[in-house]
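Heads up: the sequence shown runs through residues 1 to 266, numbered per the working numbering.
Hints should not be assumed to be uniformly reliable.
Said to hold, decoys possible - Computed cross-link-like contacts, DSSO-like style, restricted to lysine-lysine with a CA-CA straight-line distance of at most 27 Å:
(1) Lys261 x Lys150
(2) Lys147 x Lys216
(3) Lys58 x Lys150
(4) Lys58 x Lys139
Because the hints were derived from the structure by calculation, they are not lab data. The structure presented is a predicted model; accordingly, all values stated were derived computationally and were not measured.
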Amino acid sequence: MIIYLLIISLIGAEFIESVTLRKGCTGAVIEIDLSGCKFSIKEGNNNSIISTYISYNKERILPNIEYEWEETVCKVKLFTEENETTMFGEDSAVVYLSPNIPLTLQIHTSSQSKIDLTHLMIDDLDIIIGLGYTWLYIKEPNPINCKRIKIFGNIGKLSAEGIGYLNFDDLHLELNAGMVNLDMSGNYDGRSNVEIKSGIAVLNLTLPSTTGVKLKTNGILHTSTEQLIRKDNWYTSSNFGQTAGELVIHVHSGLGKLNVKYENKK
């Protein structure tokens with residue numbers, strides 16, 4: 001019986017923590033690094049800057065959260081300390097973020113990461129892609145302007161939907177090897193710049209139908225485009241210069257493949 005209880009205590013551990021949203025808070029800087037853990041990120045409640053539930057094995061990982069206040073801004077780090085046997089684990093986490101304050105996010109993804117930023121106020125976004133699959137969703141317009149998006153990975157897979165809803169100024173994506181499905185649909189007002197660098201990777205790019213697009217490629221082994229007018233290395237949509245927003249994209253690749261299409265309007 002004692003041995004049985006010991007096994008349960010090692011395998012069935014839970015980590016439940018939150019950081020309370022103080023009156024007068026003007027924003028939060030949050031780093032999430034849940035190595036060895038499958039996780040999802042989504043909209044939380046009105047009372048917490050961040051709250052999390054993690055189910056884990058004590059022999060594999062140890063979750064922790066640290067935070068400090070710098071005047072009206074809260075800095076938070078949610079992370080795990082890994083043992084050597086975490087590669088094929090089933091540890092899982094759900095992270096809830098406040099929809100009421102501007103967020104600067106740095107997210108390290110793992111074997112399976114689902115990031116839903118719908119209804120959140122994203123001021124700055126930094127994603128470091130780990131081995132495995134990362135899903136990124138934005139289904140409604142960001143209430144504020146996202147100044148910068150940076151996505152970097154050595155080897156991995158990324159599927160992003162509704163990037164245009166982030167209302168971003170600049171997006172920089174770099175992936176040395178793997179696959180990226182990048183859906184740029186959303187609302188654009190003004191000019192948004194995108195720079196994509198890839199090595200041995202496949203990039204499937206979906207363009208918004210109501211925004212003027214200008215696309216330049218360098219070093220692509222194979223490019224498949226839809227409804228764009230080509231002149232030298234530039235591909236331009238017929239409505240470029242005639243829409244409220246403009247999307248200018250530069251793609252640099254070593255041995256990559258680029259497939260470009262327009263979104264399917266329902």
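A quick look at each hint next to the structure:
Taken as a hint, the Lys261 and Lys150 pair is honoured in the structure, with Cα atoms around 23 Å apart against an allowance of 27 Å. At most 27 Å may separate the alpha-carbon atoms for a hinted pair to count; Lys147 and Lys216 meet this at roughly 22 Å. Annotation: proposed proximity of Lys58 to Lys150 is violated, straight-line Cα distance about 33 Å (limit 27 Å). Taking the CA atoms of Lys58 and Lys139, the gap is about 36 Å. The hint is violated against a cut of 27 Å.
Hint compliance for this structure: hints 3, 4 are broken, all remaining hints hold.
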